[in-house]
Amino acid sequence: MRPRRLPALLVVLALLLAASAGAAKPIAHREVLPNGIVLLVAERPAIPIVVVRTFAHAGAVLDPPDRAGLANLTGALLTRGTAKHSGPELDSAIEFVGGSLSAGAARDGLTASLSVLKKDVGLGLDLLAEVLLTPTFPDDELKRKAAQIQAAIKRSEEDPGTVAGRALAKLVFPSHPYGVPVEGTVESVGKLTRDDVVRFHRGYVRPDTTIIAVVGAVTVDEARREIVARFGGWKAPAEPPPTVSSVTPGATPQTQVIEKELTQATILLGRQAIRQTDPDYFPLTVGSYVLGGGSASRLYSRVREEGGLAYAVYSYANPARYGASFIVSAQTRTAEVPKVVEIMREELARMTREPVTERELKLAKDYLIGSFPLRLDTTSKVADFIVAVEEQGLGLDYADRYKERVAKVTAADVQRVAAKYFAPDTFNRVVVGAPKP
Amino acid sequence: MRPFLVATLVLLLAAAGASAQSSAERVLAATLENGLRVLLQEDHRSPVVSFQMWYRVGSRNEARGATGIAHFLEHMMFKGTPTYGQGQFARLVEQNGGQDNAFTSQDVTSYYVNIAADKIDLVIELEADRMHNLKLDAKDIASEREVVIEERRTRTEDDPGGFLGEEVGAIAFRSHPYGPPIIGFTEDIKRITPEEIRAFYKAYYMPNNAILVAAGDFKAAEVLAKIRAKFGKIPRGTPPPPVLAVEPPQNGERRVIVSKQAQLPIVYLGYHVPNQKSGDAFGLEMLSSILSEGRASRLYKRLVYQRQIALEAGGDYNYFSQDPNLFWFWATPMPGQTPESMEKALLAEMETLKTEPVTEEELQRAKNQVEAAFVFQEDSVHRRASLLARFELIGGYADKDRFVERLRAVTAADVQRVARTYFSDDKKNVGVLLPRP
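If you read the protein sequences in the order shown, they are chains Z and C.
Everything in the first sequence is counted per our numbering, starting at 1 for the first residue and increasing by one.
Everything in the second sequence is counted per our numbering, starting at 1001 for the first residue and increasing by one.
Hint data in this document are derived by calculation from the structure and do not stem from the laboratory.
Careful: at least some of the hints might be erroneous.
What the hints assert, rightly or not - What the simulated footprint calls covered on chain C by chain Z, stretch by stretch (three residues with Cβ under 8 Å from a Cβ of chain Z suffice, anywhere in the stretch; the number is not a length):
#1 1094 to 1107
#2 1239 to 1245
#3 1262 to 1276
#4 1302 to 1314
#5 1325 to 1337
#6 1353 to 1362
#7 1367 to 1375
As the list claims (entries may be wrong) - With a cut-off of at most 20 Å between alpha-carbon atoms, the simulated PhoX-like pairs for lysine-lysine come out as follows:
#8 Lys1190(C) to Lys260(Z)
#9 Lys436(Z) to Lys1260(C)
#10 Lys1344(C) to Lys1427(C)
#11 Lys1367(C) to Lys118(Z)
#12 Lys143(Z) to Lys191(Z)
#13 Lys1367(C) to Lys119(Z)
#14 Lys1354(C) to Lys1301(C)
#15 Lys403(Z) to Lys420(Z)
#16 Lys362(Z) to Lys1119(C)
#17 Lys235(Z) to Lys260(Z)
#18 Lys1301(C) to Lys1219(C)
#19 Lys1301(C) to Lys143(Z)
#20 Lys1119(C) to Lys1219(C)
#21 Lys154(Z) to Lys1260(C)
#22 Lys1354(C) to Lys1344(C)
#23 Lys25(Z) to Lys362(Z)
#24 Lys1354(C) to Lys1427(C)
#25 Lys381(Z) to Lys25(Z)
#26 Lys1226(C) to Lys1202(C)
#27 Lys1190(C) to Lys1139(C)
#28 Lys1230(C) to Lys1119(C)
All residues carry an ideal CB built from backbone N, CA and C; glycine is no exception.
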């Protein structure tokens, strides 16, 4: 198998990257309910399933500095007990009808996801409303979940990609919550209390910052009726929603080597970049594709096809609500680390020095625009996409604008933006692996 | 592929659905004169198509000393033909907004292109070309060899789960080629010659050893005509030799203990079980669901949730295996727990399955989950096409429609009987990974 797709983590990002549409019809219906909930509905009548995603601005960016992992723990506990049902009762109820209900936090938000057959949508929404509005956070569930998270953090130390990613985030965002792992640390999770979780939920999981997307075999009227019936009475707290600072520029780029007994080294280069609201984001996306996006990219050709130096090598922009990064990544045998780093640096520099060829430019644009239908070909993908564009404030017509903007990018644009963001000396570097072959 | 053992099992499980609706009436099935089997399923919800080639060759068909050759050849399938040279396949697919990839399993090698439906002619052309005209240049083989070894480092050498899975495979099979890893041993990957790869290609890549499946927004009759025009010209080949090895009965427990830098231990258990040709297959399939599907499933609920001794635990049966294979159990003990106590806990669960029938609720839930999974599967053209291929590989795509019905017929007594029949101590293969700091 050839890993040319981005890691699963970046699925939503990938959706945004590839967005464009020929569709004349808006991708979803949007309305704001009186209590501030943004309701998005996309009808897909052919298959009798319904997918619902809720997104609240209650991500790890809101973790207090000494409470890393709080959003993550809160999210994980939502399905572990409500005013009406214990955790195991919730599990049994949804799984008995072959559905699923889960919740969890990421950097910017807390998401709950429901998938059910159409005939069970009433039951599914009842349970979804319970977990969002009336979670009870039982003490024993909190202890259990905290111990599981701590064990998972411990185990993740054996995954070189995770170790490298954590180290790089800290270097790229040294003074912002984005530099702190969403799951926290073994120590910080150990300190979290039920009071912390209750306060976090009460303050930040609130209707006036919540998006609810309903996609599948459901009409707009049905969706509105069912959502209003369950979430219409949800009231926002008196205090205003929290504000979060955007990232501040990174410090002087650094290099960090983390030694592990491994046969292969994981190399990450990373720096801050820009998000979709910056007009330069489109040339950046095209440039990244030419550099390390597909099987015809410069890095793939030199590092993998010609050099046989790596199985996985790629570059990508990683935008989030309060900041963005640009990453170049490869895994190679220990002895070849210097050579691969050198190729990465050379190719980054070449992007700043000379314009990409017309052929490369066309391929990147054709792919980014032409692969759009594949990004929206399942119910879950549509739900992820509409939540992401709403959450990032891009507008439901973002798909069309994206296509137009990508189509307009020139080789000169790419070079100009590369000069700003691809200069090799501006990248932090993390290597996880054995010190010597 | 085989990212690591557990992930592979989960993937297979995900593929093991069936369809609530009859697929037979909507599938155009044909066998060309040269033996190519073609299955076409129209699905007009999105303007996309999933086009898949499934070759009946995997690590099962490999000889000792040449393990990994099927997977090596999968990599080489992207390296060009005289008509479409090095890199052209990927470039053409990307230029047309498509996504492609491939995987190799014990039984099959599968290639897919997901692309806008109006590009299907291009894919037919490319796939027909590389079925018959692959270049297999010695220089390309030399550089790709290094890439495959890097892939092995990622998946096996540096991944504790993959590392242990390979060891358990080695003790469980003494005669059948399911023992060695799909990716092959490093020694073999290094040794395999271009001549051997060319011979392997010639022996297995032919129309009468392949299944072409497509699902998506097309007119089946038109596409069939196009397939005939391109693939029909490829001559029928000499049928590949059958796999004759039959794994002899296991006469006592086998155990392997490995030590590796890791954070937590891992325990794997593998029991020899029959494949779908046996009447017990549906009982085993149900058992697998009851044990592992969701948070209400038995192993999760008891070992992870109630007793809190495992970070994760599950069991899986591969219904689609061409030859009899293993029923796997896996568990990761929580910090402070030993692999010995973990193994005991798993065995105690098996004893319970033998002595007490599963509850009606457990059985009903598992059946509902499988049935719902088949409906969810219909949401993706990629998954629809894959499932048709999987059923075709074991006897006929139309069996897909009887699968749910036959699962529905499984009783608690059946589940108890299969547990008693197959989970005996002297048929156990145990793998333990002891973490080294």
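Which numbered hints does this structure break?
-> When the structure is compared with the hints, numbers 2, 6, 8, 15, 17, 18, 23, 26 turn out to be violated.
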